[in-house]
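So you can see what is in the structure, the chains are spelled out below.
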Amino acid sequence: MTSTPVRPASPPVQGAAPPHRTDPDPGGADPAPAAASTGMARARGALRRTPGQLRLVLVLCVLATLVVGLLGFQAGRVQSSALEAASADSAQLVGVQEVRNALVAADATATGSFLVGGLEPTEQRARYDDLVDTAAAGLAELSGSNAADSELLGQVASDLTVYTGLVERARANNRQGFPVGAAYLDQASTILREQMLPALDEVVVDDADRVAADFSGVRNALWVLAGALVALAVLVVCQMWLARRTHRVLNVGLAVATGLILVVGVAGTIMLSSASSRAHDVRDGPYAATLAASQAYSLGNDAKSMEAFTLIKRGSGQSYEDAFVEATADAAERLDTAQSDGVLDDTTATALDDWVAQHAEIRALDDGGDWDAAVELATSTGEDSPNAAFAAFSDAARADIEAGAAQTRDDLASAGTTSAVAGWLLLAAGLVAALLAWRGVTARLEEYR
Amino acid sequence: MSTTPRTTTRRTSTRRGARARAAIGTGLASALLLLTACSGPTGADDLRLEAPEPTAEEEAPAPSSTAPVECEDPLASYAPEGDLPAPGSLPSGSTMAEIRERGSLVVGVSADTLRMGSRNPLSGTIEGFDIDVLHEVSRAIFADPDRLRFRVITSGQRIEVLENGDVDLVARAFTINCERWDQIAFSAEYYHAGQKVLVARNSDAQGIDDLEGERVCAPESTTTLTRLEEYPGIEPVPAATHTQCLVLFQQGQVDAITGDDTILAGFAAQDPYAKVVGEAISDEPYGIGIPPENVDMVRFVNGVLEQMVADGTWADLYDRWLAELGPAPEPPEPVYGRAP
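First to last, the protein sequences are chains Z and U. One point on numbering: in the working numbering, the residue at position 171 of the first sequence is 171, and numbering is uninterrupted. One point on numbering: in the working numbering, the residue at position 147 of the second sequence is 147, and numbering is uninterrupted.
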């Protein structure tokens, strides 16, 4: 903003002279437009003559068609970028939940191998290492792929280094036969549960909110249809006027432009609307299925480490068992809802039920006073063991998550392509129609030269 | 204690704060409801998260009265009746007969107090001085020392599990005192411990008096923590269990740990950079906790303890677990005379 005084845009009009109504002859040379006559007056004069009116028609038709093209293009672009964002954000969400699951599973493994006593089984150790690797790599990747999440994820990453440090101290003490090892493991679990998981849950909700915002950005494209209808009205009115004034029934340019706007406008609207309803279906279908499976999997992993803690606390673990029951009931409810909505089949839910039934056997042994047998059952890896049942549940849930995430991504991508194509089609149609309209009207205008 | 009035004001203010927060929570929830009503599903809806209910602020536990409960002689227990009955001829209808019928003796123990009661990470079994005393009781009831069913408890849970009748016995470095006699029953004293401090190897402190201004850890709900309040210059740091104190000590979050010499000896054995210093600042007579209604069981356990002292088992156990504390002292002389 400059503060230099600016001259008024137009010189003050001295008593705005009325047009010369006494001289209606349009062709007559108006000798010297008085200083008082303005451009407005001249334009009004021109509009009283046919070429002037033709020029107005030309401008109106070209503008109307161009507006349809640009509106359509903009609508397609907005929609396809919202769909793209929904796809990226839902992938981020699934990624964050994967990290969460890896962390909870790592903790369950560390706790479980402590339960065995003695030397930690090599495969348990390898599984823990793999899960921590997955979580660490996931955290780095997810912080990079979405700046909005990076602060919280950074916190989790720094807590993860503390967590692994504590687990190693627990191991070192355990290896020397020192009971303080168990206290280190306890502290590690507390950091995981009280700091890392809540932070990740917050990121999950943030991501879900972003996905929700993206989905609501995929609007119905009826206003594109409205624009096309206005343009059609303009074109039709102009053609009727032309037909009356020029005594020619058909102006080919304008007629073709009208047809083009009609066909492409309707087709584009249908395409945009179908993309939007597609997005809606994804949200209620594969996206909902992915979320349900992913949450059930998280809850299952939580419950799995609760099972180990219940046994480690040896008789004082009732609160952990209560947490187990709560987590598995929540997981089952989510899977059942997804199943009754028809987005998931019953594989995962059945696997969950099987595992919970096996868990009841462990509890029956422990509650009956046979702690050693309960531990043996809880740590066995045989074919019919609770661990095998949990692995079956894990596999089923992971398969659901992967399938749902892939379908979400594919469906959103194809809906996005439809939107983008509709946008380009509408733009092209608008430009071509504008050109046709221009040529159609110019041909009439030529006749006045 | 000067902290009492302050605690009270803080409690009222947290309650008021909780109410205000609840009101804000409700307001936010209804605002959210309005918002969601016009802007379609949110991320939380997609995740099917329930709106968080305003959680009731947890009531701070009432400050325990610091005035010690007085009684004539806390060490006095119920005298054993005659000779210890043989496992096969336990008086019918007695608590011991019921336990034998059940097939296992349910005991509340520690699993992380090296030397007294701790889980051996190599074998997975719980072992220690306290545990071996319980094995002797099991032997007297079942003629089999291994009929124990362990319930691992924290110090804070000792009274609660006895009052609820969840366990038959508690042997967990359990100091006999008058206040506890009001709630539960104790056997005669079976070990005499004393409270000391554990400091870093390079510390100059010679005892608890040299720890002015330092952070000293003790487990919650113990006589140890109560006694710390007698040293106003010390900053007490409570932890859930004694072993958590060792974790805090190794992480440099506290400067010293106070506790019974038995427990501290176990810590020093796990950490070569720690040492136990000073004379005992208190007497900690250990007894076995028993539900108050089971007077016959108290008499029975006292009989077992007498037998252990008489046949030399007590001295063997001391040498096996607590030799680091010095040569075996005389076993505590049992005191009886309490009437149910």
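Mixed in with the good hints, there may be bad ones.
Now the stretches of chain U that chain Z is said to cover, found in silico as 3 or more residues with beta-carbon under 8 Å [said to hold, decoys possible]:
1) 82-94
2) 110-116
3) 147-154
Calculated from the structure, these hints are not laboratory results. What you are looking at is a predicted structure, and each value in this text was computed from that prediction instead of being measured. Beta carbons are placed, not taken as given, at the ideal position from N, Cα and C, and that holds for glycine.
Going down the list of hints, with the structure as the test:
With a threshold of 8 Å between beta carbons, the proposed coverage of the region 82-94 of chain U by chain Z is violated, since 0 of its residues qualify and at least three are required. Counting residues of the region 110-116 of chain U whose CB lies closer than 8 Å to any CB of chain Z gives 4, which reaches the minimum of 3, so the coverage claim holds. Taking a C-beta to C-beta cut-off of 8 Å, the region 147-154 of chain U contributes 6 residues in contact with chain Z, enough for the three needed, and the coverage statement holds.
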